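Here's the letter readout for the chains.
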Amino acid sequence: GENVEQHPSTLSVQEGDSAVIKCTYSDSASNYFPWYKQELGKRPQLIIDIRSNVGEKKDQRIAVTLNKTAKHFSLHITETQPEDSAVYFCAAARGTSYGKLTFGQGTILTVHP
Amino acid sequence: NAGVTQTPKFQVLKTGQSMTLQCAQDMNHEYMSWYRQDPGMGLRLIHYSVGAGITDQGEVPNGYNVSRSTTEDFPLRLLSAAPSQTSVYFCASSPPGGNQPQHFGDGTRLSIL
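Sequence lines, in order, name chains X and U.
Numbered according to this note's numbering, the first sequence spans residues 1 to 113.
Numbered according to this note's numbering, the second sequence spans residues 1001 to 1113.
Certain hints may be false.
Mimicking DSSO-like on lysine-lysine, the simulated pairs with C-alpha atoms at most 27 Å apart in a straight line are [to be verified]: (1) U:K1009 with X:K42; (2) U:K1014 with X:K42; (3) X:K42 with X:K22; (4) X:K42 with X:K58; (5) X:K37 with U:K1009; (6) X:K37 with X:K71.
In case anyone wonders, no lab produced these hints; they're calculated from the structure.
Keep in mind it's a predicted model, so treat the numbers as computed, not measured.
Model the full structure from these sequences, guided by the hints.
Shown next as structure tokens:
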């Protein structure tokens, strides 16, 4: 089955800096890669996703890049703000898996004012 | 439109007891999934369903049963609770078409003594 590795497990940055979280996956058939943000005691919420037919996607301060050859994808947050502090999860799924997401272990992001 | 509704929000059980975690969605989503979230391990798929009457096992199905008699409901049953099943349980749903964003419920925090 699929295996998703996520690094780093914790990330501490100063407000205004950029943050980068990286994930690798094992199943070359995976073609859907969402990122979720989870605040303490809350549900995971989708912040951005990318499909394997594109290499990069941006949404304001958030961007995701995908390298299918190397089987890794990354989340980039620019101009970080204290409200970006949360746990971030990457995930991967195959084209016919219909909601069978394999998650990474999570990254605790702390943005210091 | 309530989205994905999980009940109860909190539950304490004794070892050997059984219970059902409820999940309902009002978005007419065909695909529904159950995940458990343990510290430092991200979310792991327990069972999933691609439509009424169809269910399948995920990564960690042992000790759990599911059924899908309607599109709206996807209950998760613990047959004989064990301390290892202490976790936060999330239900999620997504529309058909493959690789659509999953919508998560607020979770059920379950403790087994």
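**Restraint check for X:K42 with X:K22, where alpha carbons must lie at most 27 Å apart** = OK: X:K42 and X:K22 at ~23 Å, within 27 Å.
**Request:** Could you grab the alpha-carbon distance between X:K37 and U:K1009 and see if it respects the 27 Å cut-off?
**Result:** holds, 20 Å
**Prompt:** Is U:K1009 close enough to X:K42, meaning Cα to Cα at most 27 Å?
**Reply:** Holds, at roughly 11 Å.
**Message:** Hinted pair, alpha-carbon criterion (27 Å max): X:K42, X:K58. Please report holds or violated.
**Reply:** holds, 25 Å
**Asked** If you draw a straight line from the CA of X:K37 to the CA of X:K71, is it 27 Å or shorter?
**Response** holds, 22 Å
**Prompt:** Taken at face value, is the distance from the CA of X:K42 to the CA of U:K1014 at most 27 Å?
**Reply:** holds, 25 Å
Violated hints are absent here; each numbered hint is respected by the structure.
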